[in-house]
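J.: One letter stands for each residue in the lines below.
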Amino acid sequence: MSLRKTLQKGKAQARAESGADGAPPSLQPHTAATPPSRTPAAATSMASSSRSPRPGQSGGGTLASKETLNKERSPSTRLAKLLLWVFLIHIGAIYLFTRGFLLSRSVLDAKSECNNTNVDESAFDLQGHGRGEQECWYPQQFKKAVVIVIDALRFDFVVPHYDLTDEPYYINKLPVIHKLLESQPENALVFQFVADPPTTTLQRLKALTTGTLPTIIDAGSNFASSALKEDNWLSQFEASRGQDRVLFMGDDTWTGLFPNVLTVNNSHSFPSLDTHDLDTLDNGVIHALGPALADISKWDLLIAHFLGVDHCGHTFGPNDPHMESKLAQMNDQIERVIDSVSDDTLVVIMGDHGMNGHGDHGGDSDDEIEAGLVLYSKRKLINKSLMDRFSLGDMLQYTKPVGGTVYRTVTQIDLVPTLSLLLGLPIPFNNLGSVIPELFLSATNPDHAIRDLLRAMRLNAAQVSTYFESYKDLHPTSDIALAMQIEFGALFERAERFMRDIGQDSRQQTTEHLVQALRLYSDFLRTSLTSCKRIWAHFDVPLMAAGGGILLASCLCLLVYIVAYRDSSIPPYLERFLAGGTLFGIASARYLKPLLLKVQIIQDSSVGLVDVMIFSMAGFSILGFLISLVLHSRTSAATAVSASARREKKSLLRWIRLPPLSGFLACLFIFVNCLIFASNSYIVHESTFVIGFLQTFGVIGLLFSMRVPDKEARNKAVVMTLSFMVMTRLLSASTVCREEQGHLCLPTFYASAQQSVPSQWSLVMLVASGAITPYVIRRLLSQTKSMNGIALIWIDYGLRLGIILGSVYAVLDFEGSKADGNRNANVGNTFEPLMAGINPGGPYMWLKSTLVRTAFGFALIVGPAAWWSNPLCMDIQMVDEAVDGSGANKVVPGNRGRGTATPAPPPGTQRKVYILGYANAFGASYYVALTMIFLFVMLTQKPLGAIVLSLGLAQISILVELVDIWRDADFARWQQGVVARIQKETGTLASQTDLADDEAGSSKEAAAAAAAAALESVTAESLASAALAKHGQPPTQDLLLPTVVLSLMANLLFFATGHQATLSSIQWSSAFIGVTTLNYFFSPVLVAVNTLGPFMLCAAALPLVVIWKCSPKADKLGKIKLFPELTRLCIMMMMHQSLVLVANMVFTGGMFRRHLMVWKVFAPRFMLQASALVVMDVTLVVVAVLVILARVVKEVGQVLSVRVV
Amino acid sequence: MVNLTASYSTLTWIPAWLDKGTNTTKGTEATLPSLSWTLVTLFIFQTVVGLVQAHLLSSSTATAAAISTTGAMKSTATSRSAQSPSLLNVINTSIAIGAVGTLICHIFAVLFGAGTVHQAKETSQLACYLSLLTFYPASFVLGTDLKSWLRVFIHNSPETYTEAAHYCQGMMAIFGAWLGSIVIPLDWDRSWQAWPVPCILGAFLFYCVGTVVGFVVSLVMRQRKAREEFGIKANTKKGEKAAIDS
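Protein chains in written order, with my numbering: chain A, 2 to 1206; chain B, 35 to 280.
Don't take each hint at face value.
[Unchecked claim] A partial selection of chain A residues facing chain B, derived with a Cβ cut-off under 10 Å:
no. : residue
1   : 316
2   : 676
3   : 680
4   : 700
5   : 703
6   : 708
7   : 723
8   : 745
9   : 749
10  : 752
11  : 753
Hints are computed from structural coordinates only; laboratory data are not their basis. Computed from a predicted model, the values in this text were never measured in an experiment. We put the CB at the ideal spot given by N, CA and C, even for glycine.
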């Protein structure tokens, strides 16, 4: 039985009973006596008291509202339409800007060929080496190669540290390499291997095989790797030796990249993202490696990719006992390989990238880009004495001393030409790397050695030059072509000229001249690479400007709306204008494009028809928006003139009126928030800045709260404001620091800076929060007696169970990873199959995922379904009250929502119907729905993140409570003013028309005679309306500041849930919450909710600012005005976030696009802001307005027969 | 007059202090002693100024009471009652209020993100400065009367010129400290960017601005008061005229 029916029945009953008694309906006096304004604090405190609509009107009212509902579209739908338009503009702007800003590099499909070296070698004899059997570009030095990729093998894992007393778990754990370096210094080489960002495996593999610089936009495609089309040494190897000479084992990213080379016949691939434990993949590789090493004649190229170290980093962080056992296992495998290879084999052991302090990677901090590279051969690999003799010092880069020694630093892509030439292959066409000089100096004769190196270097330079030439032919206006012209094109010519000069006379071919030539080529290679790194992402300025421009224009439109539409609803034909503008934009795009292309700058950019269409759609609909606003203001001005001249004057003044303090502060906050993007330091320290904003709001709020006239309310408000500030400070203490923050930041989110497991105390707190959070919510809702209906069921059972299930899951997860680790540590690196309990089918995994799936079910299916069927948090209570007011009240039992027949009231009493939860009819219902979103977001967080979100919910609750208290205070102040003025004007102090008394003491007068009450009410009402006519409307509080604060709170919560605006802080492990194998739908959703959940929560909470404790008391027309304010606030929140995005675009794309930190700091922040904006928009439009708000408004409106406009 | 001298003397020694701040290369460790030295100077200076103000107030009560309007009556009454305690008592109360103010400032600095343990010394230094610029000088005028504190600083309604001056100076000093924090995160590696220094500097600068603003405000107040008196007279005249007309 729904509450609505019960209520109607109750009403009917009350009417029937009162009719039977002949007594007047008891509720009438109160309803009539209150002036048509909002109820002040004194009245809301008797939230439970009797306020039901007049029985006589209720039936007609409902009918009328239904009719009008059919005629007019509901205001929530209209609001949703407006917001949807804003959202679409945002999407379009982001699309345009992104296309201009994150443009990917053009890929050239050409392949290098063996018989075309691009260089005239006849003129100059560089044939020092006689050893090559097969000659392609360069004599083949090694017949076979073994490439071992150990994922995330950081440089300091590899090199020996002699001076450490307290060794972390990852230092000195590869003794085999140390042994090689000591015993065979001319056969083994260790390099610091510097990767280019993004440091994700897919991008690194591309770079390691093609020698190119994958751009940042590829980073998103890590989930589904597609085949590599560029020229690479693996394909070249396959072309020259045949597919069956290649053998691969390991990560399936390789087979995804090279489906034609690595087929089922020659590869053992294992799923990489689906693996949960540290050993499955590695054990598989080790199993496959055994037979391969036993018979080395079967392959010429062996690739083995181990993933365990990377996984260990992600799961436990580098400084963990697991890392030690994992590295020990790797050590054994390296030893095995080195023992079994033949003399003509080159062994390459490398990490594809490093890992940061938490074991994550993706960004470009030093720890992430510095991997280790070890080259080994049983034949002599280098000639150490020659290296010093030729004084190549300035061509080479060295590390800072590591463990007492200095090592050579090479760029990751340098391996590509080196490997290609050593294996007798042509260098891949797109390669930008340069050969590693040491490896071409192995000849014993110094003259031969230097000639070898020069030959290799020249081939390499010629290849790079050819690549640039063909790039220039294809894209003559590109930045690369420009840079080639002015920066590095001439360097190659210079080197070639020098070669020709010394080539004519063999006497000039001294060692010094040869080294000089070498230096010239090296100069060319290095300069070109630097230029490419700088300009690789080719910025398309017109597209970026278009994106930023329409976003800014839409922001300005919204600003006009916010300023102009303070209390009127959306103009009637706005949607039509918007739709019309959009359609006109589509239609005119075709004709607009040729016009635009006449401009010189646009010709150079890659503007397509779709871009023009988006631009014109946005532009014309913005125009439509403005036209409709202007038209509406003219019509409303016309009516104002006919109504009264004074009002028209006021509407003109409205434009120049100074904003109130809170509006001014809101603007200030937004302005300063935008300025954050003016410097990379501010973006780095943004988490600290956000606290500054919120605490400033706290201080201002403290001032507001201390000015509240009512003492009780004042104390409550002050305590609440202070606790808001304390909570903000607590939240800011939970953080993962980004590398650039340095010593100014203390990481607290994980158990330690070197680990990525939660700390134990956070788990304890999480379990405790399962008890505390529902209790606090219960207290909050009980204030207005709103713990009824859905709230009773959901808060006490659903939410509590959900949180408990979630925390049990977190505990299981923690214990599981610990148990997993212990077993691993005991078992060490033996080839044991997986532990029975931990594997995907085992009972542990089953239990874990079932628990959290149930919790998700509560948050997403059970809760919303129950809420949808009956979202009201109201109930009715019948009380038999003694007529003489002796207080002998008696609650009529047995009819709380059950609709059973009730006995007639005993004589001498009057039956009254109380509606419980009336005072917060909208807010409580909305709040219950918000807690469902809260539960959903919370389940995707790490333990401390979940606690942080609970605190965030508490902050949101405090914020809306404070807004309500301040609103009441404003109203009380206004009322006092009115009373004072009336008293002054009439001068009748003795008259009983004391408004304030009437308001506050209405319950006392309940027992007064009906006639007297009616008379009084008439006078009171007429007086109130007279007061209204004279002194204007009661003040509408300006809620812009709370809106901006809510929006900033989302940022605070984002940082507090262990995120930063960097790629490496994304918590990828959340992809597996409740999902046992990687799922291409749920996993990305989970990661997205984990990352952007705070933005969802705060956006969804926005309508609460308006409707929390907003009394559903209708005015004379049966209406409540909520939507004008709601519209403004929704628009304000969207405008805040999009203005921040505009600032981001202007600074990132406009001023700093050549900044040193653009990819490290600015671009990730841009991506965060863009995705946060989209998520907030979607949450606001779909979840908040279209679903929750619409439902709440409809249900409450029907039950209480009011119309919300 | 007092305000002008205060602002002038504060302005004169700020450049000297600035020199000290920029010359030191070791950052806070080196600036801390100089900060403490300035702190003592500031304390002595504020005490002297405060005492002079208190003295001027108490001596002018007699004449002020005669000419004061209804608004100022209250405050003169309170200052008259506060006039009896001795000089030492006044200083003692002010120091106590200043200490409480320091504690409050410290708590708020921590709330705004200063470390609880890390750099607590520096934070307390800032708190001392802020208290010396806001709570301490105002305590000479407002005394222990909580209501007048609330009236001046929370309800933004100072009634006398001295109160207005203290109100403007205090609010501006706090605003300056808030504004000063903006330069801290920038990576310019200057010594004056070390933790409490920009906030203290900002507080000082805006304290001086506040002095000027306070002076202007008190002028405006005086003028408005005069106009109100005149306006009331005019109104009553008009009313009489209307009564005669009817």
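J.: Are the hints correct? Go through all of them and say.
T.: Here's how the hints hold up against the structure:
1. Checking residue 316 of chain A against chain B by beta carbon gives a least distance of about 30 Å; that is not within 10 Å, so the hint is violated.
2. For residue 676 of chain A, the shortest C-beta to C-beta distance to chain B is roughly 9 Å, which falls under 10 Å, so the interface hint holds.
3. For residue 680 of chain A, the shortest C-beta to C-beta distance to chain B is roughly 6 Å, which falls under 10 Å, so the interface hint holds.
4. The beta carbon of residue 700 of chain A is positioned within 10 Å of a beta carbon in chain B (closest approach about 7 Å), and the interface hint is therefore held.
5. Checking residue 703 of chain A against chain B: minimum C-beta separation of about 9 Å stays under 10 Å; hint holds.
6. Because the closest C-beta pair between residue 708 of chain A and chain B is about 6 Å apart, less than 10 Å, the hint holds.
7. Checking residue 723 of chain A against chain B: minimum C-beta separation of about 9 Å stays under 10 Å; hint holds.
8. Checking residue 745 of chain A against chain B by beta carbon gives a least distance of about 8 Å; that is within 10 Å, so the hint holds.
9. Evaluation of the residue 749 of chain A hint against chain B yields a violated restraint, the C-beta minimum of about 12 Å exceeding 10 Å.
10. Interface hint at residue 752 of chain A: violated, since its Cβ lies 20 Å from the closest Cβ of chain B, which is beyond the 10 Å cut-off.
11. Taking 10 Å as the C-beta cut-off, the interface hint given for residue 753 of chain A is violated, the closest approach to chain B being about 18 Å.
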